[in-house]
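K.L.:
Residue numbers (our numbering), protein chains in the order written: chain A, 1 to 510; chain B, 1 to 510.
Fair warning: there could be bad hints in the mix.
Within a straight-line C-alpha distance of at most 16 Å, the following computed EDC-like cross-link-like pairs (lysine to aspartate or glutamate) qualify [as the list claims (entries may be wrong)]:
| hint | chain 1 | residue 1 | chain 2 | residue 2 |
| --- | --- | --- | --- | --- |
| 1 | B | K2 | B | E250 |
| 2 | B | K134 | B | D83 |
| 3 | A | K296 | A | E362 |
| 4 | B | K127 | B | E156 |
| 5 | A | K192 | A | E163 |
| 6 | B | K235 | B | D289 |
| 7 | A | K407 | B | D502 |
| 8 | B | K235 | B | D282 |
| 9 | B | K296 | B | D345 |
| 10 | A | K407 | A | E456 |
| 11 | A | K344 | A | D332 |
| 12 | B | K407 | A | D502 |
| 13 | B | K344 | A | E21 |
| 14 | B | K340 | A | E21 |
| 15 | B | K127 | B | D98 |
| 16 | A | K344 | B | D502 |
| 17 | A | K340 | B | E258 |
| 18 | A | K475 | A | E444 |
Since the hints were derived computationally from the structure, they do not count as laboratory data.
Number of protein chains: 2
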Amino acid sequence: MKSDELFALLRRRGVIWPSAEIYGGAQGLYDYGPLGAGLKRRIEDAWTAWFVGLSHDYYLIDAAEILPEAVVRASGHLENFTDPEVTCDSCHSAFRADTVLEKARPEGVDGLSVAEIEQLVRASGAKCPSCGAKTLRVPPPFNLMFGLDYGVTGHERAYLRPETAQSSYLSFPRMWDVARRALPFGIAIVGKAYRNEIAPRQLLFRMRTFTQAELQIFFDPEHFPLPFDRVREEKLPVVRAARRLAGSEEVELVPAAELVRSGGLPEFYVYHLVHTYRFFRDVLGVPADRIRLLEKSDQERAFYNRIHFDVEVRLESMGGFKEIAGVHYRGDYDLSRHGKGSGKDLSVTLTGGRSVLPHVLELTYGVDRSVWALADVHLHKDGERTLWSLPPYLAPVPVAVFPLIAKEQGAYALRLSDELASAGLPNQYDDAGTIGKRYARMDEAGTPFCVTVDGETVGDGPNHGTVTVRHRDSKAQERLSTADLPARIAPSLRPPRPTRSDAAPSSNAR
Amino acid sequence: MKSDELFALLRRRGVIWPSAEIYGGAQGLYDYGPLGAGLKRRIEDAWTAWFVGLSHDYYLIDAAEILPEAVVRASGHLENFTDPEVTCDSCHSAFRADTVLEKARPEGVDGLSVAEIEQLVRASGAKCPSCGAKTLRVPPPFNLMFGLDYGVTGHERAYLRPETAQSSYLSFPRMWDVARRALPFGIAIVGKAYRNEIAPRQLLFRMRTFTQAELQIFFDPEHFPLPFDRVREEKLPVVRAARRLAGSEEVELVPAAELVRSGGLPEFYVYHLVHTYRFFRDVLGVPADRIRLLEKSDQERAFYNRIHFDVEVRLESMGGFKEIAGVHYRGDYDLSRHGKGSGKDLSVTLTGGRSVLPHVLELTYGVDRSVWALADVHLHKDGERTLWSLPPYLAPVPVAVFPLIAKEQGAYALRLSDELASAGLPNQYDDAGTIGKRYARMDEAGTPFCVTVDGETVGDGPNHGTVTVRHRDSKAQERLSTADLPARIAPSLRPPRPTRSDAAPSSNAR
Numbered sequence: 001m002k003s004d005e006l007f008a009l010l011r012r013r014g015v016i017w018p019s020a021e022i023y024g025g026a027q028g029l030y031d032y033g034p035l036g037a038g039l040k041r042r043i044e045d046a047w048t049a050w051f052v053g054l055s056h057d058y059y060l061i062d063a064a065e066i067l068p069e070a071v072v073r074a075s076g077h078l079e080n081f082t083d084p085e086v087t088c089d090s091c092h093s094a095f096r097a098d099t100v101l102e103k104a105r106p107e108g109v110d111g112l113s114v115a116e117i118e119q120l121v122r123a124s125g126a127k128c129p130s131c132g133a134k135t136l137r138v139p140p141p142f143n144l145m146f147g148l149d150y151g152v153t154g155h156e157r158a159y160l161r162p163e164t165a166q167s168s169y170l171s172f173p174r175m176w177d178v179a180r181r182a183l184p185f186g187i188a189i190v191g192k193a194y195r196n197e198i199a200p201r202q203l204l205f206r207m208r209t210f211t212q213a214e215l216q217i218f219f220d221p222e223h224f225p226l227p228f229d230r231v232r233e234e235k236l237p238v239v240r241a242a243r244r245l246a247g248s249e250e251v252e253l254v255p256a257a258e259l260v261r262s263g264g265l266p267e268f269y270v271y272h273l274v275h276t277y278r279f280f281r282d283v284l285g286v287p288a289d290r291i292r293l294l295e296k297s298d299q300e301r302a303f304y305n306r307i308h309f310d311v312e313v314r315l316e317s318m319g320g321f322k323e324i325a326g327v328h329y330r331g332d333y334d335l336s337r338h339g340k341g342s343g344k345d346l347s348v349t350l351t352g353g354r355s356v357l358p359h360v361l362e363l364t365y366g367v368d369r370s371v372w373a374l375a376d377v378h379l380h381k382d383g384e385r386t387l388w389s390l391p392p393y394l395a396p397v398p399v400a401v402f403p404l405i406a407k408e409q410g411a412y413a414l415r416l417s418d419e420l421a422s423a424g425l426p427n428q429y430d431d432a433g434t435i436g437k438r439y440a441r442m443d444e445a446g447t448p449f450c451v452t453v454d455g456e457t458v459g460d461g462p463n464h465g466t467v468t469v470r471h472r473d474s475k476a477q478e479r480l481s482t483a484d485l486p487a488r489i490a491p492s493l494r495p496p497r498p499t500r501s502d503a504a505p506s507s508n509a510r
Numbered sequence: 001m002k003s004d005e006l007f008a009l010l011r012r013r014g015v016i017w018p019s020a021e022i023y024g025g026a027q028g029l030y031d032y033g034p035l036g037a038g039l040k041r042r043i044e045d046a047w048t049a050w051f052v053g054l055s056h057d058y059y060l061i062d063a064a065e066i067l068p069e070a071v072v073r074a075s076g077h078l079e080n081f082t083d084p085e086v087t088c089d090s091c092h093s094a095f096r097a098d099t100v101l102e103k104a105r106p107e108g109v110d111g112l113s114v115a116e117i118e119q120l121v122r123a124s125g126a127k128c129p130s131c132g133a134k135t136l137r138v139p140p141p142f143n144l145m146f147g148l149d150y151g152v153t154g155h156e157r158a159y160l161r162p163e164t165a166q167s168s169y170l171s172f173p174r175m176w177d178v179a180r181r182a183l184p185f186g187i188a189i190v191g192k193a194y195r196n197e198i199a200p201r202q203l204l205f206r207m208r209t210f211t212q213a214e215l216q217i218f219f220d221p222e223h224f225p226l227p228f229d230r231v232r233e234e235k236l237p238v239v240r241a242a243r244r245l246a247g248s249e250e251v252e253l254v255p256a257a258e259l260v261r262s263g264g265l266p267e268f269y270v271y272h273l274v275h276t277y278r279f280f281r282d283v284l285g286v287p288a289d290r291i292r293l294l295e296k297s298d299q300e301r302a303f304y305n306r307i308h309f310d311v312e313v314r315l316e317s318m319g320g321f322k323e324i325a326g327v328h329y330r331g332d333y334d335l336s337r338h339g340k341g342s343g344k345d346l347s348v349t350l351t352g353g354r355s356v357l358p359h360v361l362e363l364t365y366g367v368d369r370s371v372w373a374l375a376d377v378h379l380h381k382d383g384e385r386t387l388w389s390l391p392p393y394l395a396p397v398p399v400a401v402f403p404l405i406a407k408e409q410g411a412y413a414l415r416l417s418d419e420l421a422s423a424g425l426p427n428q429y430d431d432a433g434t435i436g437k438r439y440a441r442m443d444e445a446g447t448p449f450c451v452t453v454d455g456e457t458v459g460d461g462p463n464h465g466t467v468t469v470r471h472r473d474s475k476a477q478e479r480l481s482t483a484d485l486p487a488r489i490a491p492s493l494r495p496p497r498p499t500r501s502d503a504a505p506s507s508n509a510r
């Protein structure tokens, strides 16, 4: 589906809609209706089960979204978290410089100075995209953080965090104790981040408040033990930076072991890249040929990232591959900066007495973008019907309960709906319209199991206490006893988990 | 435990700690470590299961935390969401007026004008609590919202929402369609709210970013069908406003039916008050004699609240009863204000053609406060040991897996840990220290089930494949087959649910 068509469908079904619509909306803000909120929560749970489940030493925490100014000064965000902007002196509109210069400089404007961008604008004769005047100007770069007047005196300044990662770095000293003073360990956060985007377009892809799921892994650069053998044969769909610089974006399928042996990537990096790829393929259910791992070149990646691959998914609605996640080897940049900024030495002493400033491997993931991607990838037409073929553990409403005839089996079906909920099967009761219409509604909502109570269920015959279970994708039906439903359905509602490292939790302090 | 002692324990165990500690912290901001984040998430899930589970017509959504200025102007927050403040001209400190005037006016300063507060400060001879000077001044009331410069032009203004409720009101028109154009229906949000508190003290009780769980129920004031008979005999521990005005805060146990018949409260209100009380008693496990439902008087409640009870829990650490939740009958204030503010008529047409502007019943609940309350209520000493007697479905780590001897049963126990996780039993592996020490650690973490793998488990004898399950509160042990663990443990990890209304979802539009 095209972007407009998909958005219209999602809006009609109560998945997402623009925020504050009765006030004319607000650019870059979206709300999630019941189906969207359910899907989002399940994606978060699946991400947590998968990534925090990778090791006994990876932990999920939760942290304040407000950062004191000293934090973002140390992290570099106060100085560098900017987008080059172009404004129009005639109509006072503002634009991202890369958008205005899309034709003149398709490779983007990262790394260019204000003067260089100004020159490009002049040389290209660019006009204002809004009013058409040739009165474009390049002001100083625009900081994307939302600042807050914090406290009552008006003298304190704080910021909404532009990424959850900073909260994890601040928690490092406490978590060092929780992790029993041993490396490696990981800190995961699923939470909000905020950016005052210059041009918040592209729906859920550039929002001003959005949900990130990020895992920061702190490790000793000299020693990161992991079961690499388990992943060595996995073939990864990579586009290496060198190949891109040579002009090709073609995907190569390269075995993990090969990426280490001749590809120059460390084992710890490839191990986590494999699991990120598997998350998209095996947990989100994205077809392998729609996923690529795109390496950023020296020019493209942030200077503190030593290795940077984006995970991109090909989305029909967005006209091509879009970034959903990233794997960043950040070296000791973060703890080093916060050590300097706070005046606290953040290096740690390992068993044996060696002191080390831990390095960071960051796995970052956009939850909102995933909601959209899962609609693009799994929502499709199948003849007459519209079908959302979500994996069962991601379906916002995993089970529907119908009475065939409301007046006759309604009470029984309502009771069954309660019993299934208590047995761990979230479900929705529906008795409106024909069974066919109800199936169609649930197909569109992605519900994998529809349970129908009929005359035989409530009657005295041999089928007493049995119901019809209809499967979404195959439309196959089977007759089951209500008592068997939890055992039959519940396992498919649990998201897949990786096999954890065989190693027991690390521990210096036993 | 006293507040300091409890906080020290929670900090040591990685439940909560002050945010940005390495930078000296930030008033009113706290982070949740793994145990705290786990507990918080489970409280949210239990709240959702209970309250959204009350009716087929109550829905959970998720919405942007940023509100355009027009929204908070219409809601009245721009004008009225203020706290009277007192500042010191000598040391430039700021204080809440009610704190400074605690002795002079114990009933608080709600409703007083700046001039009246100024007079009280003079008359009482109050000194600056910080520097002791008699140079206190009363500036104009301080707005507690965080404002944002929104967008790039600098001309747009937006605010971080001071309560999740506003997001629900904005979603009303869309949700009217989702709920198939019939009343009543409910919109629940579990999410962040933000307040620039003048004096963010009392730990998790006055934070600057905090999590609310709120349910807004939209209904026809002439007709709110519900199964009141199910709750009519429940005795509620109320303190009525009239009695409080007469000088007594004593709790009366009054049956629900009585509160309607002679107490002047509508059935729909008492029905939801009962379920709120039951949530505290039956889901959070707070002893009944530590809960009271305190009615606010005309003077105390916001003018738009027609009926207002707070749910308070007696907390040893806080020296008495503290507000954790509230039940507010807000009339048509919200939809009326947003109708005027947006210029859109928000009244709806019911089956039969009658037009109505829905009334709102608000159930509001503080998640962070609950984390603290559950520590105060359930964390206690039992002889030598410290024990967190959380209900199993709230325990952040429901299961622990130990090998008796790491070298001999470690591999088996690690495998079992993975298997249990895949079977829906979140767990933590631990092989550090004696079994006694490991029990002690898990007792403090609130883990209800400790599973020990020993020589018999891995041996060839009759106990092959069986483990010892040790129960936290009773210390009782039993021998179970590993295959039986999920069936034995999983049901206790599902939070209780109310019986839903027998009525099918309402629906005009079938």
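K.L.:
All the hints need checking, so say for each whether the structure fits it.
P.N.:
Status of each hint after checking the structure:
Between the alpha carbons of K2/B and E250/B the distance comes to roughly 24 Å, so the proposed pair goes past 16 Å and is violated. For the proposed pair K134/B and D83/B, the alpha carbon gap of about 21 Å is over 16 Å, so the pair is violated. Only pairs whose Cα atoms come within 16 Å are accepted, and K296/A paired with E362/A is accepted, the gap being roughly 15 Å. Annotation: proposed proximity of K127/B to E156/B is violated, straight-line Cα distance about 41 Å (limit 16 Å).
For the given pair, K192/A sits about 8 Å from E163/A by alpha-carbon distance, which is consistent with the 16 Å threshold. For the suggested pair K235/B and D289/B, the alpha carbons sit about 12 Å apart, so the restraint of at most 16 Å is met. Between K407/A and D502/B, the direct Cα distance comes to roughly 13 Å. Compliance with the 16 Å bound is thereby established for this hinted pair. For the given pair, K235/B sits about 14 Å from D282/B by alpha-carbon distance, which is consistent with the 16 Å threshold.
For a cut-off of 16 Å, the pair hint linking K296/B to D345/B is broken: about 32 Å separates their Cα positions. Distance restraint check for K407/A and E456/A: the Cα-Cα separation of roughly 15 Å lies within the 16 Å cut-off, and the hinted pair is therefore satisfied. Using a Cα cut-off of 16 Å, the hinted pair K344/A and D332/A holds, with the two alpha carbons roughly 15 Å apart. Using a Cα cut-off of 16 Å, the hinted pair K407/B and D502/A holds, with the two alpha carbons roughly 13 Å apart.
Between the alpha carbons of K344/B and E21/A the distance comes to roughly 10 Å, so the proposed pair stays at or under 16 Å and holds. For the hint pairing K340/B with E21/A, the CA-to-CA distance comes to about 14 Å; that is within 16 Å, so the pair holds. Pair hint K127/B plus D98/B holds up; C-alpha atoms about 14 Å apart against a cutoff of 16 Å. For the hint pairing K344/A with D502/B, the CA-to-CA distance comes to about 60 Å; that exceeds 16 Å, so the pair is violated.
At roughly 65 Å between alpha-carbon atoms, K340/A and E258/B are farther apart than 16 Å, so this suggested pair is violated. Only pairs whose Cα atoms come within 16 Å are accepted, and K475/A paired with E444/A is accepted, the gap being roughly 14 Å.
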